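Chains G and X, in that order, are what the protein sequence lines are. Just so you know, our numbering puts 444 at position 444 of the first sequence, and the rest follows in order with no gaps. All you need for our numbering is the position in the second sequence, starting with 1, plus 468.
Hints listed in this document are in silico derivations from the structure and should not be mistaken for laboratory results. Among the hints, a few may not be true.
With a straight-line Cα cutoff of 27 Å, these simulated DSS-like cross-link-like pairs (lysine-lysine) come out [as the list claims (entries may be wrong)]:
no., chain 1, residue 1, chain 2, residue 2
1, X, Lys669, X, Lys597
2, X, Lys646, G, Lys313
3, G, Lys260, X, Lys569
4, G, Lys335, X, Lys669
5, G, Lys206, G, Lys195
6, X, Lys672, G, Lys335
7, G, Lys291, X, Lys646
8, G, Lys260, G, Lys369
9, G, Lys313, X, Lys597
10, X, Lys510, X, Lys597
11, X, Lys646, X, Lys672
12, G, Lys272, G, Lys260
13, G, Lys291, X, Lys569
Everything numeric in this text was worked out from a predicted model, so none of it was measured.
Okay, here's what each chain looks like letter by letter:
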Amino acid sequence: MKLPSLLRRTPFRLTLLFLALFAAAASAILAWVYFASASEARTKAERDVRGEMQVLTGIYKERGYDALNRALIDRTLRDNSFLYLLKNPDGTQVTGSLTDFPIAEMEETQEWTTFPFTDTDVEGRVTRPQVRGVQVQLTGGGMLFVGQSLGDTEAYLARLTQALWTAMGIVLLLGLAGGVLVSRNLERAMSRLNKVVTAVQEGDLKARAVVRNSGDELDELGAGLNTMLERLEGSMASIRHAGDAIAHDLRSPLTRMRAKLEVALMDAEAGKIDGVDAVQLALDEADNLLKTFNTVLAIARLQAAAGRTPDPKVFDAADLAADMAELYEPASEDKGLEFSAEIERGLMIEGNQPFLAQALANIIDNAIKYTPTGGAVMLRARRRSSGEIEYSVTDTGPGVPEEDRERVIERFVRLDNSRTEAGSGLGLSLVGAVMEAHGGRILLDEGPGEYGGFGPGLRVALVLPAAE
Amino acid sequence: MRILVVEDDAEAATAMVRGLTEAGHEPTHAVDGAFGLLEAQKGGYDVYVVDRMMPRLDGIGMVETLRKDGDQTPVLFLSALGEVEDRVTGLNAGADDYLVKPYAFSELIARVEALSRRRESGSVATMLKVGELEMNLIARTVHRAGKEIDLQPREFQLLEFLMRHAGQSVTRTMLLEKVWEYHFDPQTNVIDVHISRLRAKIDKGFDHAMLQTVRGAGYRLEP
Numbered sequence: 001m002k003l004p005s006l007l008r009r010t011p012f013r014l015t016l017l018f019l020a021l022f023a024a025a026a027s028a029i030l031a032w033v034y035f036a037s038a039s040e041a042r043t044k045a046e047r048d049v050r051g052e053m054q055v056l057t058g059i060y061k062e063r064g065y066d067a068l069n070r071a072l073i074d075r076t077l078r079d080n081s082f083l084y085l086l087k088n089p090d091g092t093q094v095t096g097s098l099t100d101f102p103i104a105e106m107e108e109t110q111e112w113t114t115f116p117f118t119d120t121d122v123e124g125r126v127t128r129p130q131v132r133g134v135q136v137q138l139t140g141g142g143m144l145f146v147g148q149s150l151g152d153t154e155a156y157l158a159r160l161t162q163a164l165w166t167a168m169g170i171v172l173l174l175g176l177a178g179g180v181l182v183s184r185n186l187e188r189a190m191s192r193l194n195k196v197v198t199a200v201q202e203g204d205l206k207a208r209a210v211v212r213n214s215g216d217e218l219d220e221l222g223a224g225l226n227t228m229l230e231r232l233e234g235s236m237a238s239i240r241h242a243g244d245a246i247a248h249d250l251r252s253p254l255t256r257m258r259a260k261l262e263v264a265l266m267d268a269e270a271g272k273i274d275g276v277d278a279v280q281l282a283l284d285e286a287d288n289l290l291k292t293f294n295t296v297l298a299i300a301r302l303q304a305a306a307g308r309t310p311d312p313k314v315f316d317a318a319d320l321a322a323d324m325a326e327l328y329e330p331a332s333e334d335k336g337l338e339f340s341a342e343i344e345r346g347l348m349i350e351g352n353q354p355f356l357a358q359a360l361a362n363i364i365d366n367a368i369k370y371t372p373t374g375g376a377v378m379l380r381a382r383r384r385s386s387g388e389i390e391y392s393v394t395d396t397g398p399g400v401p402e403e404d405r406e407r408v409i410e411r412f413v414r415l416d417n418s419r420t421e422a423g424s425g426l427g428l429s430l431v432g433a434v435m436e437a438h439g440g441r442i443l444l445d446e447g448p449g450e451y452g453g454f455g456p457g458l459r460v461a462l463v464l465p466a467a468e
Numbered sequence: 469m470r471i472l473v474v475e476d477d478a479e480a481a482t483a484m485v486r487g488l489t490e491a492g493h494e495p496t497h498a499v500d501g502a503f504g505l506l507e508a509q510k511g512g513y514d515v516y517v518v519d520r521m522m523p524r525l526d527g528i529g530m531v532e533t534l535r536k537d538g539d540q541t542p543v544l545f546l547s548a549l550g551e552v553e554d555r556v557t558g559l560n561a562g563a564d565d566y567l568v569k570p571y572a573f574s575e576l577i578a579r580v581e582a583l584s585r586r587r588e589s590g591s592v593a594t595m596l597k598v599g600e601l602e603m604n605l606i607a608r609t610v611h612r613a614g615k616e617i618d619l620q621p622r623e624f625q626l627l628e629f630l631m632r633h634a635g636q637s638v639t640r641t642m643l644l645e646k647v648w649e650y651h652f653d654p655q656t657n658v659i660d661v662h663i664s665r666l667r668a669k670i671d672k673g674f675d676h677a678m679l680q681t682v683r684g685a686g687y688r689l690e691p
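The task is simple: from the sequences and hints, build the whole structure.
Below, the structure written as structure tokens:
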């Protein structure tokens, strides 16, 4: 992977940002530890020096100058951690590990100072530790300095600083490596998703993202993408199905129209009929074609609405059922079918009333069409125990064999053996589209069984969610 | 009737003007909403037939302007947009009726004539009378030649609509829209069956049939 492209990746950028934040925090901690330790070391040195000074001035006060001098020599030889310097009242050096006072003589009895001291360590290396000390004017006129090296603390702080820098280096390296790794993993996952998107862009609707069910966001995105594609493929399939249906439903009337016009032309040429009749026939067929087109258009619009109801209103499903019963009863009775309606009151639903009316009209019309004379058609509207609203139309026609029902619902298309009747394939597809747009479903069942020599009949139910 | 046809499709306009002339009306054609507005402002029209989608000023804009100016002449909207929302938008803009393209010419004539009649019957009548048929809108009774006819509520509404448009052709779609107040395709001849039941009640046993079928159009109630 080239660095510039890596730098453009979000996870890598985030890694860099966090590393920078970490480095800043580590520096701050380091600085704090440094200053805290330094101050601690100084306080300790001052305490020690003060104690030693007290002991020494005590010796001086009690036993005099020579005793102090002896004590100093003794102490220097014992190699303790203190540095000493003692001067005579006349100013000459007497004893000590320093050649001169770090500070010029002064009036005050005590003055603290810190200065670098050149020394050699056990292995003979030259070191320049800092020394913290105080000098005191002795009452007899001499001067005493006692100091202590801050060397140990310095070395400790140096080691600490080094450790922290090393740690920071390791963290930065690991962080960068982690960043690259995360970035690459994410990149791989994203490129898998991108591949799916590209494939779809290029027209392959079957492409799906690999989902590992790990529950992470990318997996969720992949699953979402798949659901979306599923839906898209579904709509494409139904559009294709609608296309097939149009081809079938338009070809038949077009063929009929053409044949009728040809016959009419021959008849008119032979003087057998009036041209007007021929034109009337052609117009009737053209009207059928227009109806088919309108249905296809309605299906397309509903499907384009992608599961959302167009122009929804809250209304009483019972009123619609009552109106439909009233509208279809005479036509049904004219065909010699007994028509009945059972409608519960107060079934509020939210939906597009014209489309639901059309869906209901289509299944009632279908029932009337496929039920032989002497049969019965019943319309019911009720509230299911689940609270949903259900319209159902039951007829006593031949019904749909159980093994075919799923297929019928799936495509909601006219079965092949009943294709002799005028086109209802698109009509039922429209019912399917209307139900989908309303979040409803279609149920198919057997009718009442044998009735007037026919049966077992069919019960088509449209189940809709009740209004909130 | 003087009819203003506002339509940008020249061929459709020519056919419409010719058809309306043959039906005995006086159509005038304007090529878009802006010209239509100018022509309408001259006054004297009984109905405006307005295409919804036109260059410059579209049908919605034109009708809204007319209504704002206080022009209450009935408007029939023509549109290739047939969705419920489109119909609602059209009617909200001030149109009185809405017809989706392509339409049967008989449907257009029937609707135009129904619109012009709507304006004439402005006063609230309590009695309707067509020939020997009488309808009492208060008592909700119907008599033909003095003989009472018993009608179902919907049959009463159907006859009322036919009587209000007596002498004019009314189409099946118009009946479904105006009497049942539904906008959908009933698939079969449900309206015909209702008409034939009504016809059996008002014409059976009388010397002449008042409720006539108009070929290629719909029905007409004649005195």
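Outcome of the hint check:
With a CA separation close to 17 Å, the supplied pair X/Lys669 and X/Lys597 stays within the 27 Å bound. Between X/Lys646 and G/Lys313 the CA atoms are separated by roughly 20 Å; this keeps the pair inside 27 Å, and the hint holds. Proximity of G/Lys260 to X/Lys569 is assessed by CA-CA distance (about 25 Å); at most 27 Å being required, the pair is judged to hold. The hinted pair formed by G/Lys335 and X/Lys669 meets the criterion: a straight-line CA distance of about 20 Å does not exceed 27 Å.
Proximity of G/Lys206 to G/Lys195 is assessed by CA-CA distance (about 12 Å); at most 27 Å being required, the pair is judged to hold. The straight-line distance between the Cα atoms of X/Lys672 and G/Lys335 is roughly 21 Å, inside the 27 Å bound, and the hint therefore holds. Distance restraint check for G/Lys291 and X/Lys646: the Cα-Cα separation of roughly 20 Å lies within the 27 Å cut-off, and the hinted pair is therefore satisfied. Only pairs whose Cα atoms come within 27 Å are accepted, and G/Lys260 paired with G/Lys369 is accepted, the gap being roughly 25 Å.
Between the alpha carbons of G/Lys313 and X/Lys597 the distance comes to roughly 38 Å, so the proposed pair goes past 27 Å and is violated. Of the supplied pair hints, the one linking X/Lys510 and X/Lys597 is violated, its CA atoms being roughly 35 Å apart against a limit of 27 Å. Simply put, X/Lys646 and X/Lys672 have alpha-carbon atoms about 26 Å apart, close enough for the 27 Å limit, and the pair holds. For the given pair, G/Lys272 sits about 14 Å from G/Lys260 by alpha-carbon distance, which is consistent with the 27 Å threshold.
A distance of roughly 12 Å separates the Cα atoms of G/Lys291 and X/Lys569; the hinted pair therefore holds under the 27 Å criterion.
Comparing the model with each earlier hint shows violations of hints 9 and 10; every other hint is respected.
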